[in-house]
Amino acid sequence: MIRQAANASQTLTPKRREAIAGYLFLAPYLFFFLVFLAGPVISAFVTAFVEWELLRGTYRFNGLENFQLMMEDDLFWIAMRNSLYFAIMTTAGNTVVALCAALALKSIGPGHTLFRVILYAPVVLSISVIGIIFRRLLSTFGLINAALEAVGIDGVNWLGDPNIVIPSMSLMTIWWGFGFPMLIFLAALYAVPEPLYEAARIDGAGRWAILTRVTLPLIRPALLFIIVTQFIAHIQVFGQPYILTQEGGPGYSSYTIVLHIYRTAFRYFDMGYAGAMALSLGVVMFIFALLQFRLLGRYTEY
Amino acid sequence: MHSNASMVWRNRLTKAVTYAFLIILALLVLFPTVWIVGQSFMPEEIILKRPIHILPPEPTLDNFDEILNTKLSKQELSVLRWMFNSVYVTGVSTFGVLLVTSMAGYAFARLRFPGKQLLFFGLGASFLVPGVMLLIPSFMLMRALGWIDTHHALIWPPLAGFFGVFFMRQFFLAIPSELAEAAVIDGASAFGIYWRVFLPLSRPAVATLGIFTFLFIWNDFTWPLVVLNSDEMRTLPVGLVVFIGEYWSYQGIVMAGAVLTSAPVLLVYIIFQRQITRAVMATGFGGR
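Chain order of the listed sequences is A and B. Going by my numbering, the first residue of the first sequence is number 1, and it counts up by one from there. Going by my numbering, the first residue of the second sequence is number 1, and it counts up by one from there.
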């Protein structure tokens with residue numbers, strides 16, 4: 001009786017006190033989250049449906065006009081195709097190189113630290129540094145052509161040939177980024193129980209059979225995770241063409257979708273149209289990511 | 001007997017091929033790196049000379065001297081200013097991220113309050129929002145706040161990232177409750193328990209999160225390119241690319257700039273490679 005009365009007057013039971021503490025601890029983060037993440041996500045949906053030109057100062061609801069414009073905009077489709085091409089090639093290349101590297105690291109055992117440290121190193125560099133190095137390396141008078149010519153092969157116009165420029169950027173991006181999927185695969189490979197390999201070997205399975213029948217199926221979640229996240233990251237390619245090919249050259253052969261969004265918004269200040277393109281791309285990728293998280297429910301472990 | 005011997009040979013061969021593959025891959029990674037570092041210490045005449053020199057015959061600091069003392073367009077600024085900007089922005093922002101996300105992570109790991117699960121998953125959904133969708137709305141927000149061409153635009157938005165919350169929560173969950181209970185008996189407040197018990201115990205996790213945040217903010221290119229437009233505000237990676245426009249024909253100087261931009265991150269990587277590797281392998285974060 002007395003205690004109840006005390007509680008009622010104080011109202012701060014330990015449980016309540018803890019809840020208040022919880023909200024207080026959360027408050028600063030929540031503030032930044034609402035302002036810098038939730039807010040922009042909401043306004044992304046609004047921007048896509050307005051005519052909003054910064055220089056002219058227009059701002060009015062225009063329904064689906066931006067999306068209609070998108071359908072008729074040749075550059076949008078060229079950029080979309082280039083980005084897809086780049087993303088597929090880079091994702092495939094990265095996955096294969098990273099998987100081979102991870103398998104090699106795993107097989108040479110604990111002595112692999114030096115290799116691992118070297119192979120991951122480019123991942124920590126900025127795209128601006130990578131872009132500058134490769135713009136030099138890949139130039140017609142660059143080191144790579146000099147090396148090719150030294151062994152009697154004709155130089156390649158890496159960044160100037162419309163058919164080669166995207167594979168060149170892709171190659172560079174693989175050099176830059178394969179260390180990350182490599183570590184993910186390495187972690188997955190270490191998680192495969194050793195007795196499974198033993199059993200396969202006793203059954204007389206060869207190396208190739210072990211790889212395709214034991215290893216790959218068991219690291220499938222990691223493979224799926226890498227393929228999806230890599231694809232999402234690389235379809236948003238921007239720094240590479242911005243730095244290497246002066247915003248998408250030669251012509252529009254390396255012009256990508258994020259470059260198109262960037263130019264529409266920050267060169268022509270057509271925020272509504274740029275927003276509509278960004279939203280379309282964003283929603284497609286969001287669904288893509290959602291699918292992946294559904295497929296990987298167990299792997300991601302919250 | 002025969003099959004045994006051939007097995008031994010086959011194993012040796014596989015091992016040799018594996019090593020050869022890794023060595024070639026490592027050389028492919030190292031070669032451009034050595035090459036730019038080499039060129040940054042070479043005078044222009046040697047760079048242009050054929051056959052190509054990979055290592056400088058007579059190393060010189062002229063390129064660094066030039067890049068650090070050249071005054072950028074009209075203003076009395078040099079690359080040193082960009083370096084300062086990068087250090088300042090990255091430092092303040094990283095500190096903010098560590099404080100704000102570790103507090104939120106602590107709430108999710110250690111405190112009970114209504115709506116916790118829902119909030120956690122709601123916030124976590126932000127993982128799935130692709131960067132390109134936020135570019136324009138974030139820019140408009142910066143404009144509305146009057147933050148275009150200020151360092152605020154680089155410092156504060158990273159504090160909304162959920163990765164830190166998730167990462168710190170995982171770590172706090174693993175700390176035994178007995179320690180916190182002892183602190184409660186000693187009469188510590190909720191903040192006291194976080195500050196004096198949990199945070200000191202989580203030093204490795206805080207360090208790892210700090211390293212990732214540092215690398216991410218230091219290297220960022222697109223966002224600073226969009227929100228900064230004056231020479232005096234730029235960070236190193238963006239400054240470097242702008243700077244190249246004028247100096248592209250001076251290879252040694254450009255390479256010196258690349259070396260200055262990457263030296264801090266490579267240093268951090270070499271010192272903390274173990275923590276970085278472990279965190280990437282455990283959480284699956286840190287790629288692009």
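FYI, nobody ran anything at the bench for these hints, they're computed from the structure. In this text, a Cβ means the ideal position worked out from N, Cα and C, and glycines have one as well. Watch out, some of these pointers could steer you wrong.
Unchecked claim - Derived Cβ-Cβ restraints for the label pairs, each shown as a range:
#1 A:Leu216 <-> B:Leu173: 42 to 50 angstroms
#2 A:Leu216 <-> B:Arg203: 55 to 63 angstroms
#3 B:Ala20 <-> A:Val46: 51 to 59 angstroms
#4 B:Ala16 <-> A:Arg294: 25 to 33 angstroms
#5 A:Gly204 <-> B:Leu118: 50 to 58 angstroms
Claimed, not checked - Away from chain B, derived, C-beta distances all over 10 angstroms, residues of chain A:
#6 Glu18
#7 Ser43
#8 Pro110
#9 Tyr120
#10 Ala187
#11 Ile210
#12 Gln236
#13 Tyr252
Against the structure, the hints come out as follows:
1. A:Leu216 <-> B:Leu173: 42 to 50 angstroms: The hinted range 42 to 50 angstroms is violated for Leu216 (chain A) and Leu173 (chain B), with Cβ atoms some 32 angstroms apart.
2. A:Leu216 <-> B:Arg203: 55 to 63 angstroms: Check failed, 39 angstroms falls outside 55 to 63 angstroms.
3. B:Ala20 <-> A:Val46: 51 to 59 angstroms: 57 angstroms, holds
4. B:Ala16 <-> A:Arg294: 25 to 33 angstroms: 43 angstroms, violated
5. A:Gly204 <-> B:Leu118: 50 to 58 angstroms: 53 angstroms, holds
6. Glu18: Given a closest Cβ separation of 5 angstroms, the condition is violated.
7. Ser43: Given a closest Cβ separation of 4 angstroms, the condition is violated.
8. Pro110: About 13 angstroms separates Pro110 (chain A) from the closest Cβ of chain B, which puts it past 10 angstroms; holds.
9. Tyr120: Not fine: 7 angstroms to the nearest Cβ puts Tyr120 (chain A) too close to chain B.
10. Ala187: 4 angstroms, violated
11. Ile210: Holds, since 12 angstroms exceeds 10 angstroms.
12. Gln236: 5 angstroms, violated
13. Tyr252: 19 angstroms, holds
When held up to the earlier numbered hints, the structure conflicts with 1, 2, 4, 6, 7, 9, 10 and 12 and fits the remainder.
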